[in-house]
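Enquirer: Given these sequences and hints, build the entire structure.
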Amino acid sequence: MPSKLKKSLIYWAFLSPLVVVILFPFAVMLVTAVRPRDELFVYPPRWGFSEFRWDNFAEMWVKTNFGEALFNSLYVSVLSTVLALVLSIPAAYALSRYPFPGKGAYRTFLLMTQMMSPIVLVLGLFRLMVALGMVGNLNSLVLTYAAFNMAFTIWMLQSYFSTIPRDLEEAAWIDGASHLNSLIRIFLPLAVPAMAVTAIFSFINGWNEFVLALTMIRSSDDFTLPVQIYSQVAGRYQVEWHHVMAGTVLATVPVAIVFSWLQKYLIRGMALGAVK
Amino acid sequence: MASVKIRNVEKNYGSLRVIHGVSIDVEDHEFVVLVGPSGCGKSTLLRMIAGLETISGGDIMIGDKVVNDIAPRDRDIAMVFQNYALYPHMSIFDNMGFSLKLRKRPRSEIEEKVMEAADILNLKPYLERSPGQLSGGQRQRVAMGRALVRDARVFLFDEPLSNLDAKLRVVMRTEIKALHQRLQTTSVYVTHDQIEAMTMADRIVVMNAGRVEQVGAPLELYDSPANLFVAGFLGSPSMNFIKGRFRRAGDGAHVLCDDGTVLPVPATSGATDDQQVVAGIRPEHLRLAGEGAGVAATVDVVEPTGANIELFVELAGERVCAVFRERHPFRPGEKIALGWELDKIHLFDASSGHRI
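If you're matching them up, the sequences are chains A and B in order. Anchor point for the first sequence: position 17 equals 16 in numbering that gives the first Met the number 0, and the numbering is continuous, going up by one each time. Anchor point for the second sequence: position 59 equals 58 in numbering that gives the first Met the number 0, and the numbering is continuous, going up by one each time.
Please keep in mind that the hints were generated in silico from the structure rather than gathered at the bench. All values derive from a computational prediction rather than experimental measurement. Quick reminder that beta carbons are idealized off the backbone N, C-alpha and C, glycines included. It is possible that part of the hints are untrue.
No farther apart than 25 Å at their CA atoms in a straight line, the calculated lysine to aspartate or glutamate pairs in the DMTMM-like style are these [claimed, not checked]:
(1) Lys100(B) x Asp166(A)
(2) Lys4(B) x Asp63(B)
(3) Lys64(B) x Glu169(A)
(4) Lys100(B) x Glu239(A)
(5) Lys112(B) x Glu168(A)
(6) Lys100(B) x Glu169(A)
(7) Lys102(A) x Glu52(B)
(8) Lys103(B) x Glu168(A)
(9) Lys343(B) x Glu283(B)
(10) Lys4(B) x Asp150(B)
Okay, the calculated beta carbon distance ranges per label pair [claimed, not checked]:
(11) Gln132(B) x Arg96(A): 21 to 31 Å
(12) Gly269(B) x Arg96(A): 49 to 59 Å
(13) Asp93(B) x Pro164(A): 12 to 22 Å
(14) Asn138(A) x Met60(B): 55 to 65 Å
(15) Phe125(A) x Gly56(B): 50 to 60 Å
Expert: Take a look at the structure:
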């Protein structure tokens, strides 16, 4: 056996437990989602099933009000991402280009906010939203998600921005561009990769968020996907597991695929600035 | 086109002063090279002319106008950066036409100007490519082209050749000089390479530690450097320096070195008797002395370059370089005698470094 093949086999052997741990929930999710209802609780449990039921998805869509929850999730994730980016870009630009008092402290502060779990702040945020009269309003989630994501997005963008040579902007100024013009025509087009990756990351954060959504949203019409799926399980006499699993498949798999595809860009984005 | 006047310009970073009251006049159509070791402030000064650095004190005038508080885009200058600073997401055509586009010139005019510049710089086949697809030399020419289309009043060059390989650098040097002879645009060129400075400049400004050491035509600086710094900086291999005491004896004069070596120097020198001096002589002014004449030296290292032989010898306890066009068969350890024309000797005061 060629030694290279042998090596990769050994590596995969070591990696396999990890792969199993990661893929097992997905496998359970998938086979449960496409099972007929009466095969849900067979003993002993088995992977196979008598019939591949796509209908589960259609039933689930109607019964769990999936469409509305999907829309709510998209609304919250997209708007919070846009808000976070719009506010982060100038902040990151200033951090990467201008000296200002307290710059180091500001960066440390950004990093420290990442060390705190959002759940610690839930009560405070809830009271804030009460005061703002925004409880039960999806926009409360837009605001909080954007705020939580900004530390990360600023940090990410800043490290990428620092790799864009200052000379390019200076050349544009000398060519006759105003600061704003050089930002729009030269700088931002070059920062598109970083902005795209940051946007995706922020989107996924909003998409997956559960605790704040559960706290802020009262009416089931405004539930986002994680809360909606949770509501299919919690406090019910009968849990329609095949519907729950069909819902989780639709909510997680597309995002998981996009995320694993973008991962290399994300890591590249993080590594930039770190080494330079 | 316009002149550039720099009047007592200072630059401070906090309490650190990096440029100490520099004054330089660049005449209309002139090609002036700012040269000096890294960190001497030459690039900072150029960036101040461009408006990319603020001016802490003094005035910079382009034409008759003080530009201290005028934004770079309103100074009507063009600049070539060390790393070219081409916009990576634009084609070569768009790179070169960007400034005209910003000025909202009609498409036909932009095309005409870009084509004209591309023609001068042999860039026509590359106009649709992106900067990443060009070689270093081509990118350099695009950077030049971007400056050319502007018809700017002043060209600024910030070490434009230092990212090129040695051969290309020589080619581009000649091209830039030929271009200047043709267009006659007032130019300020920054380099740390004294050969570039010597070959390209109408006038050279030698800078060191944020101060101007000497300003003058290349050969003027080469032949009569004002101080030890300029003497040592210009010329390659650089000037040899030998320390000693100035002595007059009869009609002649000499420098007496610590090890007793006697170096003949011109008696017309303004040095006073017993003054501590540094004698400087360029490698190409040393020659082999005849029997019983000259100053004794021991051959250390022989470096033939093809055109010349560079000979490193020990003379009066110093390592001294001599350049010969003739192919003498020197061997390490060989005892030789070196002589020189008296008027080729430069004398500097040992403490101040100034020319005597």
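Enquirer: So, for every hint listed, does it hold in this structure?
Expert: For each hint, the structure was consulted:
1. Lys100(B) x Asp166(A): Holds, at roughly 19 Å.
2. Lys4(B) x Asp63(B): Between Lys4(B) and Asp63(B) the Cα gap is close to 9 Å, so the pair holds against 25 Å.
3. Lys64(B) x Glu169(A): With a Cα-Cα distance of about 22 Å, the restraint between Lys64(B) and Glu169(A) holds, given a limit of 25 Å.
4. Lys100(B) x Glu239(A): 63 Å, violated
5. Lys112(B) x Glu168(A): Distance ~23 Å between Lys112(B) and Glu168(A) Cα, so the pair holds.
6. Lys100(B) x Glu169(A): 17 Å, holds
7. Lys102(A) x Glu52(B): Holds, at roughly 21 Å.
8. Lys103(B) x Glu168(A): 19 Å, holds
9. Lys343(B) x Glu283(B): 10 Å, holds
10. Lys4(B) x Asp150(B): 20 Å, holds
11. Gln132(B) x Arg96(A): 21 to 31 Å: 29 Å, holds
12. Gly269(B) x Arg96(A): 49 to 59 Å: About 54 Å separates the Cβ atoms of Gly269(B) and Arg96(A), which means 49 to 59 Å holds.
13. Asp93(B) x Pro164(A): 12 to 22 Å: Holds: the Cβ-Cβ distance is about 18 Å, inside 12 to 22 Å.
14. Asn138(A) x Met60(B): 55 to 65 Å: Between Asn138(A) and Met60(B), where Cβ atoms are some 56 Å apart, the hint holds.
15. Phe125(A) x Gly56(B): 50 to 60 Å: Roughly 57 Å apart at Cβ, these two residues keep to the hinted range, so it holds.
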